[in-house]
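*Asks:* Sequence:
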Amino acid sequence: MNFKRFLKWLAPVSLTAILILCTIVQGWSAPTAAQTQLHWYGQSAFKLTTPTGKVILIDPWITNPVNPNGKTDLATLNRADLILVTHGHFDHVGDAMTIAKKTNAPLVSTADLGQALVESGYPKNLVTLDTQGNFGGEISLLNNEVKVAFIPAIHSSVIASDGSPAKYAGNPGGFLVTVQNGPTIYHTGDTDVFADMALIPRFRKVTLMLACIGDRFTMGPQRAATAVGYVKPDRVIPMHFGTFPALTGTPAAFAAELKQQRVGSRLQVMKVGETIRL
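Throughout the sequence shown, residue numbering follows this note's numbering, covering 6 to 283 in sequence.
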């Protein structure tokens, strides 16, 4: 076979091979990268699932009045890798002790709150220096997959249970949770707006802010919108509203204030029991 005849023979073979290859490539898609997921149980209770499947609970009052599936959710929650609690009030400690005893999840909190919870029945072996801190500090957890910074809050913090006198539980706070290959989430805890919130984005860009808006016991929609303006997150999700009649702040009023104050962050209102991907 001379060279010209070889080329004539090769051309259709190569074309066929290319067409087959193109067909295979078009039918194949690369695996979708795992994403961080956020689930809202109502009030200030969230479940954060990292791209590798680690489960982080924040203020886990799962059986709160606005969660119709609370008892089932608590019964079927078989994994937690960390439990974060912002302060000592019952609607934030919530079901933390029950979950800790069930899952052996370490407690992440300020040291004063951790000690107060141990005295109130939280398993002592799950409250260690490895997961305790204070405002201005940051700790790396879960093999450096997650960083948690302790943010102050303007509120109060006591533990009262079984009719016993209220016990001081340290200063209240919030958390800045940074997920490796994922978002940075600021959970405000219960707080009023304060000007130092404007310092948060100087140290780390906030992807998502979970902001209390209920009024009466925390900032309401107007002051919460100002807080979002300070933090400048990409998105904001309202929380801590509507659980009790006294919590009169609404997402609609919050949306109006964000617009009035020309805050550029995107508002996303979650439904109780909803899970979103970040």
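Simulated from the structure, these hints should not be mistaken for lab results.
Keep in mind that the hints are not guaranteed to be accurate.
[Said to hold, decoys possible] Below, in silico cross-link-like pairs of lysine to any residue (SDA-like), each with a Cα-Cα straight-line distance of 20 Å or less:
{"no.": "1", "residue 1": "Lys276", "residue 2": "Ala257"}
{"no.": "2", "residue 1": "Lys129", "residue 2": "Gly141"}
{"no.": "3", "residue 1": "Lys210", "residue 2": "Thr231"}
{"no.": "4", "residue 1": "Lys210", "residue 2": "Asp135"}
{"no.": "5", "residue 1": "Lys76", "residue 2": "Thr57"}
{"no.": "6", "residue 1": "Lys52", "residue 2": "Val277"}
{"no.": "7", "residue 1": "Lys237", "residue 2": "Leu204"}
{"no.": "8", "residue 1": "Lys52", "residue 2": "Asp78"}
{"no.": "9", "residue 1": "Lys264", "residue 2": "Gln227"}
{"no.": "10", "residue 1": "Lys76", "residue 2": "Pro56"}
{"no.": "11", "residue 1": "Lys276", "residue 2": "Asp78"}
{"no.": "12", "residue 1": "Lys264", "residue 2": "Val277"}
{"no.": "13", "residue 1": "Lys210", "residue 2": "Gly234"}
{"no.": "14", "residue 1": "Lys107", "residue 2": "Val71"}
{"no.": "15", "residue 1": "Lys129", "residue 2": "Asp86"}
{"no.": "16", "residue 1": "Lys172", "residue 2": "Asp117"}
{"no.": "17", "residue 1": "Lys237", "residue 2": "Arg271"}
{"no.": "18", "residue 1": "Lys237", "residue 2": "Val277"}
{"no.": "19", "residue 1": "Lys59", "residue 2": "Phe95"}
{"no.": "20", "residue 1": "Lys129", "residue 2": "Ala116"}
{"no.": "21", "residue 1": "Lys129", "residue 2": "Thr68"}
{"no.": "22", "residue 1": "Lys152", "residue 2": "Val123"}
{"no.": "23", "residue 1": "Lys59", "residue 2": "Asn69"}
{"no.": "24", "residue 1": "Lys276", "residue 2": "Lys237"}
{"no.": "25", "residue 1": "Lys210", "residue 2": "Leu252"}
{"no.": "26", "residue 1": "Lys237", "residue 2": "Arg207"}
*Asks:* Are the hints correct? Go through all of them and say.
*Replies:* Results of checking the hints against the structure:
1. Lys276 to Ala257: Answer holds: Lys276 to Ala257 is near 14 Å, not above 20 Å.
2. Lys129 to Gly141: Distance ~25 Å between Lys129 and Gly141 Cα, so the pair is violated.
3. Lys210 to Thr231: With a Cα-Cα distance of about 17 Å, the restraint between Lys210 and Thr231 holds, given a limit of 20 Å.
4. Lys210 to Asp135: Between Lys210 and Asp135 the Cα gap is close to 25 Å, so the pair fails against 20 Å, i.e. violated.
5. Lys76 to Thr57: violated (27 Å)
6. Lys52 to Val277: Roughly 12 Å separates the two Cα atoms, so the pair holds.
7. Lys237 to Leu204: With a Cα-Cα distance of about 10 Å, the restraint between Lys237 and Leu204 holds, given a limit of 20 Å.
8. Lys52 to Asp78: holds (11 Å)
9. Lys264 to Gln227: With Cα atoms ~11 Å apart, Lys264 and Gln227 stay inside 20 Å; holds.
10. Lys76 to Pro56: Violated - the C-alpha atoms of Pro56 and Lys76 are around 27 Å apart, more than 20 Å.
11. Lys276 to Asp78: holds (15 Å)
12. Lys264 to Val277: violated (24 Å)
13. Lys210 to Gly234: holds (13 Å)
14. Lys107 to Val71: violated (23 Å)
15. Lys129 to Asp86: holds (16 Å)
16. Lys172 to Asp117: Distance of about 11 Å is within 20 Å: holds.
17. Lys237 to Arg271: Distance ~10 Å between Lys237 and Arg271 Cα, so the pair holds.
18. Lys237 to Val277: violated (25 Å)
19. Lys59 to Phe95: Since the Cα atoms of Lys59 and Phe95 sit roughly 25 Å apart, the hinted pair is violated (cutoff 20 Å).
20. Lys129 to Ala116: holds (12 Å)
21. Lys129 to Thr68: With Cα atoms ~24 Å apart, Lys129 and Thr68 exceed 20 Å; violated.
22. Lys152 to Val123: The given pair, whose Cα atoms are some 23 Å apart, is violated under the 20 Å limit.
23. Lys59 to Asn69: Not OK: Lys59 and Asn69 at ~24 Å, beyond 20 Å, violated.
24. Lys276 to Lys237: violated (23 Å)
25. Lys210 to Leu252: violated (30 Å)
26. Lys237 to Arg207: holds (10 Å)
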